[in-house]
Structures are given as C-alpha cells and as structure tokens.
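Peer 1: What follows is the residue order along each chain.
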Amino acid sequence: MITLLLLFVPLVASLACLLFDKAKVKVFALGTSLINLGVMIYAFTLFKSDMSYQFIVDYWWVKDLGISFKLGLDGISILLVALTNFLIPLIILSSFRIDYKNANAFYSLILFMQFALIGVFAALDGFLFYIFWELALIPIYFICLFWGGEDRVRITLKFFIYTLAGSLLMLIGLIYIYLQTPGVHSFDINILYSTALSSADQSWLFWCFFIAFAIKIPIFPLHSWQADTYTDSPTQGTMLLSGIMLKMGLYGLIRWMIPFLPEGLAQWGNTAMILSIIGVVYASCMALVQKDFKRLIAYSSVAHVGLIAAGILSLTIQGMQGAMVQMLAHGVNVVGIFFIADIIFRRMKTRNLDELGGLANNTRVFTILYLIILLGSIALPLTNGFVGEFLLLNGVYQYDAWMATFAGLTVVLGAVYMLRSYQKVMLGEPHARSIEFTGLHLTEKIVLVVVAFAIIVGGLYPKPILQTAGPALEDLLAQVKDVY
Amino acid sequence: MVQFAWLIPLLPLLGFIIVGVLNKRLNVAMSGGIASAAVLFSFIISAIIFGEVAREGSIPERVVLYDWISSGNLSISFSFLIDRLSVIMLMVVTGVGTLIHLYSIGYMSHEQDHPRFFSYLNLFIFFMLLLVLGSNYIVMFVGWEGVGLCSYLLIGFWFKNIDYSNAAKKAFIMNRIGDLGLLLGVFLIYMTFGSVNFNEVFISAANLPQNNAAVTAICLLLFVGAMGKSAQIPLYTWLPDAMAGPTPVSALIHAATMVTAGIYMIVRSNVLYALSPDASSIVAFVGITTAFFAATIGLKQNDIKKVLAYSTVSQLGYMFVALGVGAYQTALFHVITHAFFKALLFLGAGSVIHAMSGEQDVRRMGALKKVLPITHLTFLIGTLAIVGLPPFAGFFSKDEILAKVWMYSPIMFVILAITSVLTAVYMFRLYWLTFYGEFRGSEHQKNHLHESPVTMTLPLIVLAVLSSVGGFIGMPELFHAPHFLNEFLSPVIFKSSHEEASHTFEILLMSVSVILLAIIMYATYSYYVTKKVKPEEDSEELDSFAKLLTNKYYVDEIYAAIITKPLDKLAAFVYKYIDQGLIDKTVNNTGTALNGISGQLRKLQNGNIGAYIFAMVIGIITILVLTMII
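Quick mapping for you: the protein sequence lines, in order, are chains A and B.
Residue numbers for the first sequence follow this note's numbering, so the first one is 1 and each next one is one higher.
Residue numbers for the second sequence follow this note's numbering, so the first one is 1 and each next one is one higher.
Hints listed in this document are in silico derivations from the structure and should not be mistaken for laboratory results.
Glycine included, C-beta positions come from ideal geometry on N, C-alpha and C.
Hints are not guaranteed to be accurate.
Computed cross-link-like contacts, BS3-like style, restricted to lysine-lysine with a CA-CA straight-line distance of at most 27 Å [to be verified]:
1) B:Lys576 with A:Lys158
2) A:Lys158 with B:Lys585
3) A:Lys463 with B:Lys160
4) A:Lys291 with B:Lys24
5) B:Lys446 with A:Lys291
6) A:Lys349 with B:Lys565
7) A:Lys291 with B:Lys576
8) A:Lys445 with B:Lys24
9) B:Lys576 with A:Lys445
10) B:Lys585 with A:Lys349
Here chain B is said to cover these stretches of chain A; the calculated rule only asks that three of the stretch's residues, wherever they fall, bring their Cβ under 8 Å from a Cβ of chain B [to be verified]:
11) 152-165
12) 409-418
Please construct the entire structure, taking both the sequences and the accompanying hints into account.
Peer 2: Put into structure tokens, the structure is as follows:
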C-alpha cells in the first residue's frame, strides 16, 4: 500500500499542477514533494533490514502475457526511492528564484519524473520496469527541450535517441529472457531470475543490457550525449539527470543485469570493468580542460559514476556497498554543486571560469557551503564522498590492484580540477563584476545548507545506509557467486 | 582519565565551531583566547593521561566512540588508541600547539580576518589529534587528509593573492598523490591481514617471514604517503612554497607537527617496517638523499622562511634515515626536539618579520640583535640546537641518528655528517645576516623596528628553554644516564637496532662536531660580519653552481615540463580530437547515416503510382523468372 502511495502521490500532484494557480504552483509542487518525503520516512520506519522485498503490490496487468503490476522495495531500491524523494523537494526549492515560463507544465513534468523514477526503482516486473524506464525519459526530454539553452533542440534530440536506442536493446534482452521462462511465460522478476540461460545466450544478452545501462550511466565511450545535455538543460533538469536519473543505469546493473547473467559477467565483466575504469581517468582528464563550469561538473560526474559502475562490477561486498553509498552521496553532492554553478551563473551571467574570480571576498556563507560541497565531491574523510569512494576503491582493489591504482588517480585529478575551479571562481582579487555578487537568498541558503548537512552526516554516520542495503547485497552476491 | 580521551580532539573542534560561528563578533583577544584555551585544555588532559600511562605503564587502551563503516568483514570503528606512542605525540601537538596559538594572538593582531585564522588553526589541531589518536589506519587517514585540508586553507589564508592560493593548491595536490599511495597501502593491509586495526594487523604481521612481498609492498605504499606529507623527494616541492601562509602556520603545521606525520606513521607501523629490510633501506635512501639535497638548496636561499623550510625538509630527511636504519625511537626523538627548535626558529623568524613590517629577505635585514633582544637570544638558542651543539636539544637526537647510521653504513654516515656541516653553514649564515652587521632595510622599516609583544615573546622563551634542555630525555649511554625516551617507548617498538656505537666513537663524534661547529661559526662570522659579504641581488650574475642552487635545481620547472604541462596539453588534445572529435562525431555520424538511409528508404514510398506499378511489374517479372529457373 505504501508503495502505491509513494508512486501515485507524485502522479496525482503532477496532474494537479496543471490545474493549479500559476503563481502558487511552485509552493504546491514543493508541498506535495514534502508529503511524499514524509511518506518515505514513514516507510523507513516500517522497513526491516533483511534481504526480502517488502511493501509488495501485485496485480495482474496483462494476464495472458504474464505481465503484472508488481512493485516492492528491498534494501537496495528503498535507498534509491529515498534519494529521489529527498532530492525532488530540493530541486523544486532550487527553482524558487526563477520564474519559468509555463510554470505549471514545468513543475508538472518534474513531479511526473518523480513518479516514473520511483516506478523504475520499485518495479518487480520486467515489462513494468521497461515501461517506467521509458516513461522517465519523456518528462526530462520536454524539460530540456522547452526550458533549455540555445542549442537545446539538437542536443535533446541526440540525448533522446541515444538513450532510446539503448533501451531498445534492453527490451530485446528482456523479451528474449521472457521467452525462455518455463511454462506460461512471465515477466515476474523472480521467475526471470530463475530462468536458465545458456552461456552463449548470456554472452550476447550481457551486451544488450550493458549497453542500455552504460548509455544511461554513462560509461566511456558512450558518454558523449551527457556533457552537452547537462550544460544545455535548465539547472533543475541537470539536477534530475545527474542526481537521480543516471542512477537508473547503475540500479539496472545491480537488479536487472547481474543476477540474470552471472556467466555473461564472467565472460565480459572484465571488459566492462576496464571501460568503466578508463572512463574514470578519461573523464577526470577532460574535466581538467573545461572552461565552462557546468561542463566541468558534467565530466567530473562521468568520472564518479564510472567508479561506481566499477565497484558494482567488482562483485565484492565493499564495492557494492560503496556503490550504494556513493549513489546517494553523488546524488546529493552533484545537486549541490550544480546549484552552486547556477547561483553563480544567474548573478554573474557567465559560467566561463576565466571570467570569474574573487567571489570569496564578499560572501562568507556561500564560500563555506561551496567548500563543504567541494570537499564532499573530492571525497575528503568525514564527508559522504569519502565513505563511498573508500569502499569503491577497496572493492576494485580486491578485484585487481592495478585497476584500483589507475582508478585511484581520480583522487588526485579530482582535487586538481575541483580546486582549480574553486580558485578561479572564488579566490583572487575581486574584479568589477564580482563585487556585485549578492549574498544568498533564503531558499538558496536552505538548499545548500541541507546539502552540506547531508554531506557531513553521511560522512560521519553512514551506518543506516550500509545496514539497509547490506543484507540484500550480500544475498545478491551469494546467488551470483553460486553460479560463478 | 583515559576514557575521557575523546575530549582531547573534541575541545579544539568546539573551538573551531565557536570561533567560526561568532566570527566577526569577536576581537583578536577573544577569538585567539578561545582558540588557545581549547588547545590548552587539551594539553592539560593530555598531560594527565600521559602521567597515567607513564605511571601505570598500562596496557594500550582503546577508546571506541562508535561503529563507523562496516561492510562485509571490514569493520572500522571510530576509535582512539592510547598508548605510549600516542601520548607522546599528544603532548607535542597540544604543547607546541598551545604556544603557537598564544603567539598568533600577537602576530595576527593587525589581521582583519583573525576569527577565520584561529578557527582553521583549531580545526588543524583537531585533525592532527585524530591522526595521532586513531586506533586504525582509517581514523589515522581521516586526520591525515584533514590536516592536509587545513594546510591548504591556511597556506592560502590570504586568498586574494593568487600566488598564495597556487601554493596552497600545490600543497594539497602533492599531498593527495601521497595519500593515494597510503590509501592503496591500507587496501593491501586489509587484503593481507583482513583488518585495518593497528593491534590486529601488528599481531598477525608478527608471524610473517622477513621481506614478505606483501609487507614490503605495504611499507612502500605507506611510505609514498609519508613522502607527500613529510615532504621527501620527489614530493617535497610543496613545502617551501607553503611558506606563503602566515608564519605561525609555518611553525605549527609545516615544521613542528603535520610534516612529522609521516614519521609518526612509520614508527606506528614499525612492526611492518622491521619485517621488511628492503623497504627500510629505500626509506633510508630517500631520507638521506632528501637531507643532503635540501641542505644544499638551503645554502643559497635569501628568504628567511625559505631557508627554514629547506632546513625542515632536510631535518625530516634525517628522521627518515633513522627510520630506515631501524632506529624508530631515535626518529621520534628527533621529531620531538625538532618540534621545539624548529617551532622556535620559525616563531623567531615571525617575530623578525613582524618587526620588519613584513620583510622576509635577509638581504634587507641585519643588526637586529639590539632592537630584538629576546628574539635574538631565543633564535640563537634555536640555531645552536639545530646545528647540534651540546648540550642543546638537537645535539642529542642528531648525535644518536649519526651513531645509529654509523653502525648501519659508514658511507651513509659520511653523507649525513657532511649534511650536518651544511646545516651549520646555512643556519649561521642566516643568523649572522639577520642579527649582525649593518641594517640594510629601508628607512621606514628602520623606524618601525620593535620587539614583539609578550604573547609572542613568551612562547619564544618557553620553546627556547625546551630547545635547551629537551635533549636530556634521551642521553647517550656514554653519560650513564637513563635514556628516558627509549625506555618509555620500548613497549610500542617491536624490534629495533640495539647495537650501540662504541664509547670511543661517541666521544670522537662529539668532540669533532664541537670543533667543526666552532670553525664554521667563526668562518661564517668573518665572512658575513667582518667582511660584510652579503648575498647577491637577484639582478646580479651568478656562477652556474650558485645559480643552480638559487633556483633549487630547477625541480619545479622540471615537474612543470614533464608532468603538469604535458598533462594539460594531452587532456586538451584528447578533448578536442578524441572526445569531441572521434567519439562524439561517431555518434553524430551514426545518427546522420541512419537519417540518410531512412531518407533513401522514404523515397520508395513517394506516392508516385507510376513508380509503384513499375516496382510491381519488376517484382512480378522477377518472380516469374525465378520460378522458371527453379
């Protein structure tokens, strides 16, 4: 029941937004997203940290085809639903200083996005998962298309087709596995899991799924849609994409690929791992030479998620848990840092790092909050980023020490590009324009303080995250290792 | 009291928060006072715990705060280890820390942004205490990276100056290179021993054979971390640049405490290093190279703080030599005495700079002896301590290192002895140029000269006393006095070289060094004071070797040429031609190609009935032909 509530509150709110008074639609959207956050917290109090799916909802949808409307949460998915519900209010609040045209549609789309994302994370039926997966693409496409930057038409089209092409591969894979299910075919996740697939099948299926997820994550060399899209989207769109949507791909690896294809993983896992690790260092290097602040963050995000993918593919408990922690940490941090970029852009009318400087001179609170978020993203101990990165690199190290060493370069390179951009934006003599940089407004302050708070709490006390996801991940690894 | 050990780091953390939050509402005395009090109370608690540990000789005690990260069988608690090693470090950090906080009240009195300074300083102490208190490698790492952050913040304290913030950035990044090594070392420790807790790791390590490959790898990886934090070749170039920070910062972070973290870590891991003579010899080799190399650079620097910075690099090299030859107590001994005399020298330099209205170039100083009597006297004591004149503190620790190295390798002994001579030369050069001769600064500076206020001179005096008598905690066997430090540390040092140099050698070493020092003192006096030779101005042409030294062997330039610039160029190239070129183009071309194909396909359905009929006829004919053939 609670799953349905989590899913449908945003949907109803999304539709209601269209009818709401234009002036108050922001507040309404924020209010409903907070209600859902409340439901989420309630769900957590009921949740038992074991490996089972809980709050299951199961109705037949197309009975003849074995398609059911089956939803449920385990320790892995509940964390991602929580991330979604935590970030959506922040993302909405971050838009309070902006007056978007057609605000009703804008907020309606954000809430619709929330609905689809929760559906992705909660679906326990392959077909349903696919439906939500594609559904999530629609609102973000329109958000970027209608409220994006100059080159938005070309870029969003590329993004849309690119990810859609990947999804089709996944659909083929899903249908193939579905057709192998014994007896009356079914898309139920447990039945799909228990379907025997030959080693040869697993080999090509691996690529169907991996490419679909790798595009979304994105993993090198399938990342080229991302920097453009992040840069050209409105900030809230970028936050949705980087904060939550790319976790769909990572979640897909964990739930919709690894358990099906242990043998495929045995054959190709190493290749996928190498691509992920190359992406980590490659994207860090690309971030070094970016002049546009948003583009720099976009590349740094590719580096971070590459490491998360590597942690998952390492098939170690530390790597997996690191991935869970880092998915949440990255979601929070990247929303924070994109908001920082947005605040600067709206005041200074430029994101070019060479044209900024000296902002630390007249904005103490902003400087401190920026610094905390920066430290989170370069994984300084006692921030959430450290817990994630430490566990991830530890997991990768157990898989292969040299890969971990290479991926570990991100520890150094991350500091280089983040400190370089911090220096270019904040330090030095203030110049004419930066003197006009005004202090933070209340809503801006709230968003950044919440993010900074989450960074420190996550770094000091990651135990709830580790404990929630632990049993489910251990169980998953045990199943995969059985076949290995 | 041991169970209250968590208060020791907590107090500076509270100080950081209070001063940080109240910020501009505080005046210098208040912000400095709160910060100093926080560290002072930590010092008092540390002293009580030190007393308990010394008295009871108790078993090391673990204070567990909470379960921090656990995943699979990896379990990391936020916990502290109170043993004989950590209590010594506590005393040094909080003791010297208190004095430097106090000093800063005077030094920073003209600074607008003093609350930011004091809050960072307290935050530094907090992380430094975590570093020495951590009972596992991860908590130590928290402190390790945390002090790096504070170092970054304080080097770049005057952030309007882009050179300063570059220096800060450089320090952080070079440290991160080391940190990566340390982190990989920790992963290997976990893989090898299944734990990251000091106790468990050392107990299981004790059963391993010598030169086990994993242990050697661990030691070398940890040492990479130490190279970064403790400024050893090749990761030392950040430390001289770090002098951009306010002088108390140089004294506290870049001389007395943070930079010795690498030595602390190796002493802490002495069980592992004792198992790996291979790794240890590399430590000794890097240490001695750094000690010598940095000392030669020190000869030609004209910035008072830069001389001291290279001297710090060189002295840290001494400590690594001691670690490399297995004399762990001796290394720690030098950490302690060095903390006293180097903090003293830096604070003395700060007092000089303060009096000189910010001037740091010794070519503009001279004859400061009369106007700065306390500073002068204490600086002299610091100088005598660092050059190793008996009975000042540096003598005992340096003498012990030399004696241990003699037993290990006479060649290394010779190099280290030459380094000691170089040390004496650059230190006396600095001393004479600063305090004797004629005043070479501007009129304005001359009129402004004054002795520093009591908050600054008091710490100088205390440190001067410590630099004078601090060496008595470790007297050589020759004097038949107990070596307090060795005895105190014996429970935490797994195995160390017990070989002692002969008494004859000790006596010889001592007398030769006294004679040599006297000669150097006289020679430098006659050169810089009697003959009034002063260092060349930047515009003057230097002979090639002097030029090489003045330019620090061009190491920064070499690093820029082989690492920084190529990396930037390569990244820019890859971005342009691979990322935006190859990869993105391929994607776009795929799209265009598909578009093109579908464009062609679309022409088939162009609505032209004639074309349809034509295609139909062709089709029918083809079918007919095919059936006839088959």
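Peer 1: Can you list which hints this structure breaks, lowest number first?
Peer 2: When the structure is compared with the hints, numbers 3, 4, 5, 6, 9 and 10 turn out to be violated.
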